[in-house]
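Each chain, written out:
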Amino acid sequence: MDIPAIRTEHLTRRFGELVAVEDVNLEVASGQFFGFLGPNGAGKSTTIKMLTGLLAPTSGTMQILGIDFEQQPVDVKRQIGVVPEGMALFGRLTGAEYLNFVGRMYGLDRETAAKRAGELLEFMQLADQPKKLVTDYSHGMQKKLALAAAVIHGPKILFLDEPFEGVDAIAAGTLKSMLQRMIARGATIFLTSHVLEIVERLCSHVAIIHKGRLVAQGSLEELRAGVEAQAASGDGDQLAPGKKLTLEEIFLHTVGGVRSAEQELSWLG
Amino acid sequence: MAGMNAAQVRDQLKAIALVRWEIFLHSLQTTRGTLELFSRIVIGAVITSGGLGGAALVGGFAWYFVSHDSPELLALLLWPVFMFWQFFPVMATAFAETLDTSNLLRFPLNYRSYVLVRVVYGALDPATLLGSLWLIAIALGVGIGAPRLFLWTVIVLALFGLFNLLLTQMVFAWVERWLAQRRTREIFAVLFFLGMISLQLIGPMMSRFRPRSASGLVRVGGEVNIAQRLLPPGLAAHSIASMVHGRIGASLLTFAFVGVYALVILRFLSVRLRAQYRGENLSEVTKSELVRHGEGVRAGWDVRGVSAPIMAVFEKEFHYLSRSGPMLLTLITPIIMLVVFGIGQGRPGTGFLQNKPDFAFPVGAAYTLLLLTNLVYNNFGADGGGIQFFLVSPAKFREIVVGKNLTHMAVLAGEMVLVWIGVSLLFRRPSLAMTATTIAGILFAAPLNLAVGNLLSLYAPKKIAFETFGRQRASQVTVLTSFGVQLIVFALGAAVFMLGRYYRDLWISAGLFLALAAVSFGIYFVVLGRVDGVAQRRREILTSELCKA
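Chains as they are written, first to last, in my numbering: chain G, -4 to 264; chain H, 226 to 774.
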């Protein structure tokens, strides 16, 4: 049996009284393009922070490619690439210097780091202004640079926290093209996003977290079948007959996000 | 804004005060917040005691001048108050209270309330509090010496205080404007630095070029006196003195001139605040560069035997230093200061270093280390959000810290060589024993500072925002700890030096320093061994503090 790329057991994180993530058992197979969804404050960022070593779990275990994260964090970090929420850039370096720096921090020799940095800058269309500091980059350019930095060492798993947030269509196209190439070469991608259309188009498998608990997990077809079965049994909302559910509809049915009009604020013009 | 009545405006101001209070209370819920408060109380007590001493002094002098019929000499008190009020916030930004008023712009706050909030919160710094305290003391001194003048003095000094308050606000409002963009920031940093050096040069220049005869002194004094009487401190003093002599017209006129100065300053301040109120957004956009295809990426630095992550951090730190005008200028200050002190050397007996040139090298080296602590005590401050990369990368934290510390040591070594050359040219070549003792002393002091700095960088990190360089407040825990460490290092260093002088053999001091250095290196390596664990435990604090927007 193949070792899963990501596996968590009873993963829990508390902030004082607040339980941000509770008893999450997640399994992502190697080579999957995995979307991790949830409403605001559901625990997505907390989970991805734990999976990348930015946050310690309160309890539970995490295994990345079969390696226990808490026991061997350095071994895990060598295998993964991360674009965290804040992008983790060093503003007063140029794009080339930054990529060079990241490559060497991941243990690449100086020639390899420089060669890959040059190739990535070209691919991401960032090579035009070699002396421009990262702090002077636009938001989209910074996203592209952050993704370039996350892949420079050829990670087996890529964690992306909201990679398409604030990115224009052209930059988003470049990012998607890069991610699809990685999947084609056998890498695993774990991403969180609020843009459900993009997740639906890119991801083969999805998990939904709600109020800190994992409420759904599987391929898109499996999730769709689950919602339909629930509706048929009378547990969930009724569905329009013969219509194929979109990811957005699956999501809304799963987290119960539809608010009735009567509940809305009556004083609002 | 139209539509907000007086009661609503009052409610807005109350809400702002309440939210500040709640932020303060919430900050106490963490250990770090409590430590910050404790440090602030200790530092506040030190400043307050100094302030009260100063108040007694200026109050006493004010009483003396008025009761001995020399009220014109009040200018001698108002000028230092003015200088302190304006320059202390620039020199000691660690104690300044900051409030980002841009967040308030989305609310329907009228312009007057916006200005009020800005000025009131801007006034919550030691310079304004102490300046006001000293003006009250002067008014009391004058009131005791000449009770009938008390009310007029209060009025004049209140206007003078308002002028000072507005001037400080105006200067910082414009400074913030210039600091908002990287290019103007760099230019401003250089001008600021040159200005500070020019101020430092006043003393040595006066020492070198002061008039040799009494008549020359009187002439220069007279010219200075005329000039100072045209400026607010002199005008305020003149207004009070004129009232003492019954020249009511002259008193009112000079008072009016102080008012004119205040209005002009208010006008300049208003230009800035109006722009901020309208919601200006100063972007960092720079001119685009020519496309240079085919230009490969240069390989990183390499030193045989040093691991790739350490070298990568070392190279990155050098890039950062070379691109931060303020930091770079801070680091070359020791060299400039030596030149400044060296200028006065034409006159033996004019200063400590002229009398004891042997000490120029250790003093220069100690000053260099002291300035370097700005970097060492907040290692990750300039990295900001980059800290997340350090945490997700496979590099060990101790390697990252060693890379940073190597940069610090390289800068320190380079500066010490320059200081040694400067001392040799400006004073005299330090003896071999003094050179060895100084190097041994630095070998003791530097690792200790690095060890404490590495821990403080993890326990009390503070994001450095380059665009608000002039108005940043360092962590109060760091400020207090830094005082403590420097006190211990200085006391031990002085004791070891004195021992060598007592036995007339500096090599004894060098030996003792080396022994202390061994202990100091031991402490450094013990701390280094624990850095990974501390960083892991404090990763949430590090990311939340350094990734702040």
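None of these hints come from the bench; they were simulated from the model.
Some hints could be false.
When the alpha-carbon atoms are kept at most 25 Å apart in a straight line, the in silico DSS-like pairs for lysine-lysine are as follows [to be verified]:
no.	chain 1	residue 1	chain 2	residue 2
1	G	K206	G	K110
2	G	K171	G	K238
3	H	K773	H	K581
4	H	K621	G	K127
5	H	K688	H	K773
6	H	K773	G	K151
7	G	K151	G	K171
8	G	K151	G	K127
9	H	K688	G	K127
query: Which of the listed hints are broken here?
result: 1, 2, 3, 4, 6 and 8
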